[in-house]
Amino acid sequence: MKRRGVIVLKLYQSLTQVQINEQFAGQATGYKLSTTLDKPLNYDPTILYQYLDTVLKPGSRHDENNLRYVTDPGYIGENFNYQSVPFTSHMTEFDEKMAFARKLVADLNRHLSVNIKPEDETIELVFVD
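Residue 246, in our numbering, is where the sequence shown stops; the numbers in between run on with no holes.
Incorrect hints may have been included.
When the alpha-carbon atoms are kept at most 25 Å apart in a straight line, the in silico SDA-like pairs for lysine to any residue are as follows [stated by the list, open to error]: (1) 127 to 209; (2) 174 to 233; (3) 127 to 141; (4) 234 to 144; (5) 156 to 215; (6) 127 to 215; (7) 127 to 155; (8) 127 to 158; (9) 220 to 139; (10) 149 to 163; (11) 127 to 199; (12) 149 to 159; (13) 127 to 210; (14) 149 to 235; (15) 149 to 183; (16) 214 to 191; (17) 127 to 167; (18) 127 to 194; (19) 214 to 195; (20) 220 to 191; (21) 220 to 199; (22) 174 to 159; (23) 149 to 134; (24) 174 to 144; (25) 127 to 233; (26) 127 to 231; (27) 156 to 209.
Distance windows between CB atoms, simulated [stated by the list, open to error]: (28) 202 to 137: 17 to 27 Å; (29) 219 to 152: 14 to 24 Å; (30) 161 to 232: 15 to 25 Å; (31) 136 to 226: 18 to 28 Å; (32) 246 to 210: 27 to 37 Å; (33) 161 to 140: 12 to 22 Å; (34) 212 to 138: 33 to 43 Å.
The hints are simulated quantities; they were obtained by calculation from the structure and are not laboratory data.
Even glycine gets a Cβ: it sits at the ideal position worked out from N, Cα and C.
Using the sequences provided together with the hints, build the complete structure.
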């Protein structure tokens, strides 16, 4: 999606496709993530990146990934290995897993632009929704 000369991405795309010094935005050493938004995220971007890192191949084309891991809460609820990351390893109840999956999908599919500020070592995620 493109608006007024700005490229607009979904959050999951920005964390897995934008690179700084050959590192993806979600893991760029020395850079901090900042957010500009009206409606808060359910989860911190670093947690979202950790999730993405377990289910998607960073930098790969869409056809090389199972995008149901970012778009389908039911699929996530049934197929994600909740033991694979510390922030979900305590989840055992179906309702708790589904609540996580719904909030996750809501966050990952929000639209934003990315501003990289090398002078401040900041990656600014500016949400447009």
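Structure-based check of all given hints:
| no. | hint | verdict |
| --- | --- | --- |
| 1 | 127 to 209 | violated (29 Å) |
| 2 | 174 to 233 | holds (22 Å) |
| 3 | 127 to 141 | holds (15 Å) |
| 4 | 234 to 144 | holds (15 Å) |
| 5 | 156 to 215 | holds (21 Å) |
| 6 | 127 to 215 | holds (21 Å) |
| 7 | 127 to 155 | holds (16 Å) |
| 8 | 127 to 158 | holds (13 Å) |
| 9 | 220 to 139 | violated (30 Å) |
| 10 | 149 to 163 | holds (10 Å) |
| 11 | 127 to 199 | holds (23 Å) |
| 12 | 149 to 159 | holds (19 Å) |
| 13 | 127 to 210 | violated (29 Å) |
| 14 | 149 to 235 | holds (11 Å) |
| 15 | 149 to 183 | violated (28 Å) |
| 16 | 214 to 191 | holds (10 Å) |
| 17 | 127 to 167 | holds (16 Å) |
| 18 | 127 to 194 | holds (21 Å) |
| 19 | 214 to 195 | holds (9 Å) |
| 20 | 220 to 191 | holds (12 Å) |
| 21 | 220 to 199 | holds (15 Å) |
| 22 | 174 to 159 | holds (23 Å) |
| 23 | 149 to 134 | holds (17 Å) |
| 24 | 174 to 144 | holds (14 Å) |
| 25 | 127 to 233 | holds (16 Å) |
| 26 | 127 to 231 | holds (10 Å) |
| 27 | 156 to 209 | violated (29 Å) |
| 28 | 202 to 137: 17 to 27 Å | holds (23 Å) |
| 29 | 219 to 152: 14 to 24 Å | holds (20 Å) |
| 30 | 161 to 232: 15 to 25 Å | holds (19 Å) |
| 31 | 136 to 226: 18 to 28 Å | holds (21 Å) |
| 32 | 246 to 210: 27 to 37 Å | holds (30 Å) |
| 33 | 161 to 140: 12 to 22 Å | holds (18 Å) |
| 34 | 212 to 138: 33 to 43 Å | holds (42 Å) |
In summary, the numbered hints that this structure violates are 1, 9, 13, 15 and 27.
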